[in-house]
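Peer 1: First residue of the sequence shown? That's 1 in the UniProt record's numbering, and the numbers climb one at a time after it.
The set of hints was computed from the structure by calculation and includes no laboratory data. Be a bit skeptical, because a hint or two may be false.
[Said to hold, decoys possible] Capping the alpha-carbon separation at 30 Å, the derived lysine-lysine pairs in DSSO-like fashion look like this: (1) LYS265 x LYS251; (2) LYS265 x LYS241; (3) LYS251 x LYS241.
[Unchecked claim] Distance windows between CB atoms, simulated: (4) ALA186 x GLU82: 18 to 24 Å; (5) ARG134 x GLY172: 27 to 33 Å; (6) HIS215 x GLU93: 46 to 52 Å; (7) ASP169 x ARG62: 51 to 57 Å; (8) ARG162 x ALA114: 26 to 32 Å; (9) ALA4 x ASP259: 24 to 30 Å; (10) ALA186 x ALA144: 14 to 20 Å.
We treat Cβ as the ideally placed atom computed from N, Cα and C, and that holds for glycine.
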Amino acid sequence: MGSASRRRALADFLRSRRDRLTPAEVGLPAGPRRRAPGLRREELAQLAGVSVTWYTWLEQARDITVSRQVLASLARELRLSETERQHLFSLAEEPPPDREATSSPQALQGMVDALDPNPAYVLDAHWDFVAWNRAEAALIGDPALLPAGERNLLWLVFAVPRIRALLVDWPGQARNLLAQYRADVAHRAEDPRAAGLVRTLREASPEFGEWWAAHDVAPFAGNRRVFDHPRAGVLAFDYVKLSTMDESGRKLFTCLPADSGTAAKLASLTA
1 MGSASRRRAL
11 ADFLRSRRDR
21 LTPAEVGLPA
31 GPRRRAPGLR
41 REELAQLAGV
51 SVTWYTWLEQ
61 ARDITVSRQV
71 LASLARELRL
81 SETERQHLFS
91 LAEEPPPDRE
101 ATSSPQALQG
111 MVDALDPNPA
121 YVLDAHWDFV
131 AWNRAEAALI
141 GDPALLPAGE
151 RNLLWLVFAV
161 PRIRALLVDW
171 PGQARNLLAQ
181 YRADVAHRAE
191 DPRAAGLVRT
201 LREASPEFGE
211 WWAAHDVAPF
221 AGNRRVFDHP
231 RAGVLAFDYV
241 KLSTMDESGR
251 KLFTCLPADS
261 GTAAKLASLT
271 A
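Please take these sequences and the hints and turn them into a complete structure.
Peer 2: This is how it looks when you write it as structure tokens:
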């Protein structure tokens with residue numbers, strides 16, 4: 001597991017967090033002849049569900065394997081703050097767990113509303129829609145009208161015929177979007193939501209199943225998407241990812257007109 005210096009830093013960090021906890025804070029009796037105020041190694045090992053020998057090796061900076069599940073258990077039993085938990089995973093050279101989102105739904109909605117008349121939306125870590133403005137709803141249809149489990153960008157693109165008809169060059173745009181998704185959620189491959197979405201999309205779309213098996217990955221690089229809108233006609237947008245918010249996997253996108261014709265039609269899109 002990593003270099004010797006990183007293993008030593010991990011061991012020292014764990015020891016410092018263990019030393020600051022009292023038995024009473026974790027529901028254990030203090031017991032007689034306790035020479036230090038912190039938890040003993042065997043107490044923390046018992047709480048975290050690991051062997052005393054293995055945990056002792058960890059604090060001795062030995063080169064042993066540490067799973068994400070054990071790191072999460074240690075973080076929980078050591079009462080680590082969110083920042084400390086992120087630091088623990090970083091020292092163990094594991095992808096950091098998602099931070100809990102701090103932006104309220106009202107704040108997110110206010111942000112995308114302020115971007116009107118440009119279509120804008122926020123996706124969560126699984127590409128479920130979290131917020132969207134009137135222009136986005138007018139462009140692709142209101143996600144609020146869909147069941148909660150189907151308010152997902154990949155589901156819309158691959159499983160909703162209306163979106164397939166809306167996108168000019170649907171095969172090219174859909175396959176590129178899938179490659180971006182695969183790259184973005186690689187470290188969440190075992191997540192039940194991610195696995196369930198892939199399973200249902202395989203059943204719903206033959207193209208999804210074929211392209212998913214190809215294992216293509218692609219970065220988000222300011223993509224251009226062209227729509228043949230039933231009311232506004234052809235619209236071309238350059239998609240810009242403005243930020244990743246709260247380190248929770250949320251992503252804010254806005255769609256900027258790619259030509260003067262599209263810019264002229266924006267106001268009428270939500271009329």
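Peer 1: Taking the hints in turn, state whether each one holds.
Peer 2: Tested hints:
Between LYS265 and LYS251 the alpha-carbon distance is near 26 Å, which keeps this suggested pair within the 30 Å criterion. Of the pairs offered as hints, the one joining LYS265 and LYS241 holds, with about 22 Å between alpha carbons and a cut-off of 30 Å not exceeded. The straight-line distance between the Cα atoms of LYS251 and LYS241 is roughly 7 Å, inside the 30 Å bound, and the hint therefore holds. The hint said 18 to 24 Å for the Cβ distance between ALA186 and GLU82, and at roughly 23 Å that hint holds.
For ARG134 and GLY172, the Cβ-Cβ distance of about 28 Å falls inside the hinted range of 27 to 33 Å, so the restraint holds. Against the hinted window of 46 to 52 Å, the Cβ-Cβ separation of HIS215 and GLU93 comes to about 24 Å, which falls outside the hint. At roughly 55 Å, the beta-carbon separation of ASP169 and ARG62 lies within the given 51 to 57 Å, and the hint holds. A hinted range of 26 to 32 Å for the beta carbons of ARG162 and ALA114 is consistent with their spacing of about 27 Å.
About 57 Å separates the C-beta atoms of ALA4 and ASP259, a value inconsistent with the hinted range of 24 to 30 Å. Range check, ALA186 to ALA144: Cβ separation about 30 Å, and the 14 to 20 Å hint is violated.
The structure shown violates the earlier hints numbered 6, 9, 10.
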